[in-house]
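There are 4 protein chains.
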Amino acid sequence: MDTPQFEPKDAAYAARVEASFALQGAMATLGASLAKIEPGRVVIELNWAASLTQQHGFLHAGIVATALDSACGYAGFTLMPADAGILTIEYKINLLAPAKGQRFRMVGQVIKPGRTVTVTEGRAYAIDESREKLIATMSATLMTIVGRADVKN
Amino acid sequence: MDTPQFEPKDAAYAARVEASFALQGAMATLGASLAKIEPGRVVIELNWAASLTQQHGFLHAGIVATALDSACGYAGFTLMPADAGILTIEYKINLLAPAKGQRFRMVGQVIKPGRTVTVTEGRAYAIDESREKLIATMSATLMTIVGRADVKN
Amino acid sequence: MDTPQFEPKDAAYAARVEASFALQGAMATLGASLAKIEPGRVVIELNWAASLTQQHGFLHAGIVATALDSACGYAGFTLMPADAGILTIEYKINLLAPAKGQRFRMVGQVIKPGRTVTVTEGRAYAIDESREKLIATMSATLMTIVGRADVKN
Amino acid sequence: MDTPQFEPKDAAYAARVEASFALQGAMATLGASLAKIEPGRVVIELNWAASLTQQHGFLHAGIVATALDSACGYAGFTLMPADAGILTIEYKINLLAPAKGQRFRMVGQVIKPGRTVTVTEGRAYAIDESREKLIATMSATLMTIVGRADVKN
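First to last, the protein sequences are chains F, D, A and H.
When you read off a place in the first sequence, starting at 1, and then add 168, the result is the number in our numbering.
When you read off a place in the second sequence, starting at 1, and then add 168, the result is the number in our numbering.
When you read off a place in the third sequence, starting at 1, and then add 168, the result is the number in our numbering.
When you read off a place in the fourth sequence, starting at 1, and then add 168, the result is the number in our numbering.
Chain F with its partners taken away, still in its complex shape (with noise of 0.2 Å):
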């Protein structure tokens, strides 16, 4: 399929993204970064760390879906109105390999937006001594969320 085009609501959508990015404890805590904030789409990177593992020493597939999880919830962000709040409604992620690698790069992108609900897909890739290798692809529902004062950006 055709990568969709979106127009913005808000011009100082990629803004609104970075500091929301900067209230997550939990993209400190993976190490992660923001490398690329579009209409539609995010990508979020992170480096592999012992402290972010499972049994087999391969990235947790909890981590990999929550940094995902993260670069599909910024991506319907950039196209929600100034003043929305964003939570995620559910979301499924499938894991292709095992999540080996130096570094990992997640993909979130914008397949329907809504008012209320828009619908985004992401994709997972491990990197290993500059080969990528797609490891993961979550499909994922936000709910723009107005009016509610706990829940902004």
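If you are wondering where the hints come from, they were derived from the structure by calculation, not from laboratory data.
Treat the hints with care, as some may be off.
One copy or two, it doesn't matter: identical chains are merged, so the pair holds either way.
Below, simulated BS3-like cross-link-like pairs (lysine-lysine); rule was C-alpha separation at most 27 Å, straight line [unchecked claim]:
id : residue 1 : residue 2
1  : 204       : 268
2  : 301       : 177
3  : 280       : 268
4  : 177       : 204
5  : 177       : 280
6  : 268       : 301
7  : 301       : 280
Dock chains D, A and H against the given chain F, drawing on the hints supplied.
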């Protein structure tokens, strides 16, 4: 549905779960501990921490999923043979309410064990002032791996 | 988990479900009927038929899902206001065993009702010589639609 | 993501898909036909019919899923050995828009083939006056079954 009862193939199932859990760097990072290990059922608990949050200060959905995925995975692992390794094929999580609380309890339960594929369900509860609230449900599919040196336990 | 108890917003919930079900051409094609309608819980039953099979003669996974999706949807619908319409946002189904049987029972149960988003779970059972077997589990997310003429009931 | 290219293990993959499809009573009931069979990719098409609707007259979400599940399953089947059977382990579908249209096109695509487990993705399109609209996305996990007489093809 009544909770199904299962016979473990390996009497040392609890020790195997504990040994594997101790190898998960991610569980230490989450401050998570094993609260219960029964045939086909595992409970993992953790405390709220700023290092595990999303932008509103709730537990990050991915962190809820990380602990819940481990609970489901180890629930399946209790029923596997002594020499088996385990990998998560996929999971889906529905986030029913923001993960607000002082402490969290993740329950993983086998629904259908299998020689190759095992299906489990998970429930995440937030605990606040001793009130418990269901905040997420998961379904996870696991694969039993035999004879692969890099995927043992 | 104990089955949650719910108060319907509209006392005529059962009549609304029956009227909507009667409009579903797909349910007639499946030979499906409403076996139980309770607040937050709906049971749909159907018989095996050659017209509903996959290549091994079992009920097609998609047909199991069609009836289960309707059971989950109507479970949610029992708790919605009188003027609401309902749409399925997403569902996931795990197929635990081949859908072999003479008759099938699909149970939809609300886990978390909401003003906009409702989360449900489903269980499909195959019935053979009066023995019942769990063959599939579903989680489905529903959306309450208000004020759209083309999506009422 | 670029569409991956695959080598079929069995040169007669298309004939195997056609023979298996012809055995699916459910596909005849849906009026569905095979529009394309390529290594790792299968397209199924069907027309709108009143017998396949939900209560608003749209195609029932379960019917969309039934055809999409078959497209994904047969996409996986094209890459399996000649003596293999196939079962769906699980799938998840996101319904992006009501299934309004005269005709529907379901595309199943293998993302990651495997000896035991194969992961696929599906896209459903509604066609109205030759305008095509993406209405649903699926991810489906398949299992290759070898040596079971009741699950062949």
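Now the hints, each set against the structure:
1. Taking the closest pair of Cα atoms, residue 204 and residue 268 come within 27 Å of each other only inside a single copy of the chain (23 Å); across copies the shortest separation is 30 Å, beyond that limit.
2. Only between protomers do residue 301 and residue 177 lie at most 27 Å apart by alpha-carbon distance; the minimum there is 23 Å, versus 34 Å within a single protomer.
3. Proximity of residue 280 and residue 268 under a CA criterion of 27 Å is satisfied inter-copy only: 16 Å between copies versus 31 Å inside one chain copy.
4. Only within a single protomer do residue 177 and residue 204 lie at most 27 Å apart by alpha-carbon distance; the minimum there is 18 Å, versus 39 Å between protomers.
5. Only within a single protomer do residue 177 and residue 280 lie at most 27 Å apart by alpha-carbon distance; the minimum there is 15 Å, versus 31 Å between protomers.
6. In this assembly of identical chains, the alpha carbons of residue 268 and residue 301 lie at most 27 Å apart only when taken from the same copy (9 Å versus 36 Å across copies).
7. With identical chains, the CA atoms of residue 301 and residue 280 are at most 27 Å apart both within one copy (26 Å) and between copies (11 Å).
When the structure is compared with the earlier hints, no violation turns up for any of them.
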